[in-house]
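Asker: Following the hints, complete the assembly by docking chain B onto the known chain A.
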Amino acid sequence: MTSTGTRAAVAITKLQSMPSLFTRRALRTVVTICLLMSMRPGSGYGQTGKPERPPAGKRTTTSDDGNGLIDVQPSDLLKTPVTNNWTSYNGDYSGARHSGLTQITRANVGRLAAQWVFHPRTVSPLEVTPVVVAGVMFVTSANDAYALDAKTGKVLWHHIRAVSQGLVDDPAQHHNRGVAILGTRVYMETDNAHLLCLDARSGHLIWEVAFGTGNKNDGATSAPLIVKDKVVVGISGGDAGVRGFLAAFDAETGEEKWRFWTIPGPGEKGNESWPGDSYLHGGGATWMPGTYDPDLNTLYWGTGNPAPDFDGSVRPGDDLYTSCLLALDPDTGALKWYFQFSPHDLYDYDAVQTPVIVNARFKGQPRKLIVTANRNGFLYILDRTNGKFLFATPFMNTQNWAKAIDENGRPIPAGRTPDEKGVRVCPANGGATNWYSPSYDPSSHLFYFRSFEACAIIQSNIKPFEVGRTYYASGTRSVDEPAKAYINAFDLNTLDFAWRDLQIGRNKGWGGVMSTATGLVAYGDDANNFVILDGQTGKPLWHFHVGQLVHASPMSYAIDGKQYFAIAAGSDLFSFALP
Amino acid sequence: MWPRRVEALLVVAILFGCASRGVQAQSTNAERGAQRFMEYCAGCHGADGMGGDKAPALVSPSNSTHLSDSELFRIVHDGTKGGMPPFAQIGDANIRAVVEFLTRLRNNAPPTNASAEAAVPGDVDTGRTLYFGKAQCSACHLMQGKGGFIARNLTSYGRTRSAEEILHAITNPDTPLVPSSQVATVTTRTGQKLTGPLRNEDSFTLALQTEDGRYHLLSRSDVTDIHYSGHSLMPRDYRTRLSPKELNDIVSFLIIASRNPPPDKAEGR
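Chain order of the listed sequences is A and B.
Residue numbers for the first sequence follow the numbering used here, beginning at 1 and rising by one.
Residue numbers for the second sequence follow the numbering used here, beginning at 580 and rising by one.
Only chain A is shown next, with the shape it has when bound in the complex (with noise of 0.2 Å):
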């Protein structure tokens, strides 16, 4: 508080008080006070401590419809298969982007017609699959978030930031994939690896956290997932040296509760792998949503390629804990068991597909499982309690860096070994699969992935690690041979493929999958259209152009007794419905 301020607050009750226009006095009176407040003021307002939590909205009915009234329950996202509201990235905590709506079937999806568009206007391609609570649809693009009419697509409140200059690699395009919701309150990164907590009623800021280590190259494209009281978020920035880590902030208020390091530091287990300060930049991403199963409290997340990606020379070892599966305690942070796909990674696979929990019978007996398609071009079956290894298949007919899966699940390298000519490696570093979500059918036990099949000539050398820069040390170059892309369902029960569905079209597509109770899979194809097609035959259904390349996976949702689609597309977000 200033001295001044004060008295020219006297200054005016007196006045206030005195009956005729200007005395010479109260004249006086101003000029003094403009005299003294031309003098620097001490520092009046200190910060505020924590901020408290806005009263929530009275509940009368739960907000699993469209009555508009947000105000998301932890209870809430316990429940699977999600419909009405589609409540975090993946839809429910399982992973499996499966949708318990049943309105929408093989019979009528023929009819199915556009709702809406919405252009947000910032970046393109959109990354982001919208959560929907309540008929209110929250969506991100760039560092930008808005809450939609589900119905109409028109914009209730938009949070603008502006995005960040000087970033490397994948943050540096602002891509990011969405929101995560609790209580009253929305929480999205940014492209430089700040966590937002936005009130979700009106898209106000109330309060950020960096929580990035300080190093230029971090970055964040993901959504942040909720668990319990905490908001878990990971990194980005794998291949540009950064130490990947998971971090987990209290959601009232923001604070840090844990962080779980992806590279082991000095005198950690591990570390062998990394001499010197290179734990600094080993990498280990962690930029994709993870999944949990709060009977075992336990979350499951992926983490991406050693850095540098293609030069191993500098990082001898397995380089725990890059291209892992982690199983970790979501209270405290500790690790509880890891599975590690790619040890000693060259060909940048990371493993941060959705790991997918599933509880099914595997050869018989009924198991809690993790199944999740690397990029490795494997896909897997674990044993989610303990991280035992119990299944592995090739799905990409030219995979050549391994020659088997040993029965512990670690490969048997084929010895391709990057140098400065280059290898032939299939597949090509953007992986068989990659973060284009999978989904899981629990009635069919069908897994559908779409999956990739291109082979790449990888080159390495020495590079030093350079804030500013990437740190894939050294490139790769493509191969004259046609590349391959297949929408594919796999059988938990004969552990064999049910069908793989060739794609025709000109483009990489980048579009992942959902299903429904009625048997649906939706997903982007590879000529910019959004298909639908019979997730027992892989027979398409129905399709819609939206004529711009599907960079997204799709979800589902209802509002008064109607199913929605929606996907976003190039730098649009479509809505699809019965008429």
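I should point out that these hints are in silico values taken from the structure, not numbers from a laboratory.
Incorrect hints may appear among the rest.
[Unchecked claim] Keeping only pairs whose Cα atoms sit at most 27 Å apart, straight-line, the calculated DSSO-like set for lysine-lysine is:
no., chain 1, residue 1, chain 2, residue 2
1, A, Lys562, B, Lys772
2, B, Lys725, A, Lys228
3, A, Lys336, A, Lys368
4, A, Lys216, A, Lys463
5, A, Lys269, A, Lys363
6, A, Lys336, A, Lys228
7, B, Lys725, B, Lys713
8, A, Lys363, A, Lys403
9, A, Lys388, A, Lys363
10, A, Lys363, A, Lys336
11, B, Lys772, A, Lys154
12, A, Lys257, B, Lys713
Answerer: Relative to chain A, chain B alone:
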């Protein structure tokens, strides 16, 4: 003779005038910039500078966010090969005003108010107490993460406005009335009456938010009557409900609070 209250306000105005010495000219310039922007630029770049079918965004994200004022001036003055028309004809003063407005629109706009140095006219701590207490500003307006949601976030409000402008906004609400803040009362087919700001409206649908935060997403065909209040929820009696000193204190709080906010960014609806 002047009524007492007017006299007091006159003094307040004079006080504010000297508090924002040298800043005032700048802020009127920015206001003019806002008008000119609406007139000349919004048609292509969008009213919020967020871009449209005809032109790119000038804020969030855009290349122009790292253009200097002189580079911006040149672009607006001369146009570009890519389709930005030249605006030399509107005069240098108008171009400068538009450029200043663009700076304000943008994220890291430097404080046009007070530049962290100028004094404030009242008692900041009292202002803070009033904001969260008796004056009930926090029931509607967020401030540094605390407060309501129904009205705009005031965290960085004081950073780009003079004390005079802020006082004016508090004591003369709804000048101008922001369309998405206008309160309407809607009667639905079932006879239900709903009152609150109309967040979105067109020939087919309405989105009305009631004070409990609930969005009512209605089709025109579900609505039998709409009454537009012509006002926002901002109380219209602060001029009389609060004393000039109290108003001073609140204005001072808004200015000082905006100087050390958490990194709050541009906001819009």
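Asker: Against the 27 Å threshold, does the CA-CA distance of B/Lys725 and A/Lys228 hold or violate the hint?
Answerer: Within the cut-off at roughly 23 Å; holds.
Asker: Given the hinted pair A/Lys562 and B/Lys772, is their alpha-carbon gap at most 27 Å?
Answerer: 25 Å, holds
Asker: Quick one, are B/Lys772 and A/Lys154 close enough, alpha carbons at most 27 Å?
Answerer: Roughly 22 Å between the alpha carbons, so the hint for B/Lys772 and A/Lys154 holds.
Asker: Are the Cα positions of A/Lys269 and A/Lys363 separated by 27 Å at most?
Answerer: 34 Å, violated
Asker: Between A/Lys363 and A/Lys336, is the straight-line Cα distance small enough, at 27 Å or below?
Answerer: 25 Å, holds
Asker: Check whether the Cα positions of A/Lys257 and B/Lys713 lie no farther apart than 27 Å.
Answerer: 36 Å, violated
Asker: If you draw a straight line from the CA of B/Lys725 to the CA of B/Lys713, is it 27 Å or shorter?
Answerer: Between B/Lys725 and B/Lys713 the Cα gap is close to 16 Å, so the pair holds against 27 Å.
Asker: Compare the distance between the alpha carbons of A/Lys363 and A/Lys403 with 27 Å, and conclude whether the hinted pair is satisfied.
Answerer: 25 Å, holds
Asker: Next pair to validate is A/Lys336 with A/Lys368; report whether the Cα-Cα distance is within 27 Å.
Answerer: 16 Å, holds
Asker: Starting from A/Lys388, check that the Cα of A/Lys363 is at most 27 Å away, please.
Answerer: 15 Å, holds
Asker: Given the proposed pairing of A/Lys216 with A/Lys463, does the C-alpha separation stay at or below 27 Å?
Answerer: Between A/Lys216 and A/Lys463 the Cα gap is close to 18 Å, so the pair holds against 27 Å.
Asker: Keeping to a limit of 27 Å between CA atoms, is the pair of A/Lys336 and A/Lys228 held or broken?
Answerer: Answer holds: A/Lys336 to A/Lys228 is near 18 Å, not above 27 Å.
Checked against the numbered hints above, the structure breaks hints 5 and 12 and satisfies the rest.
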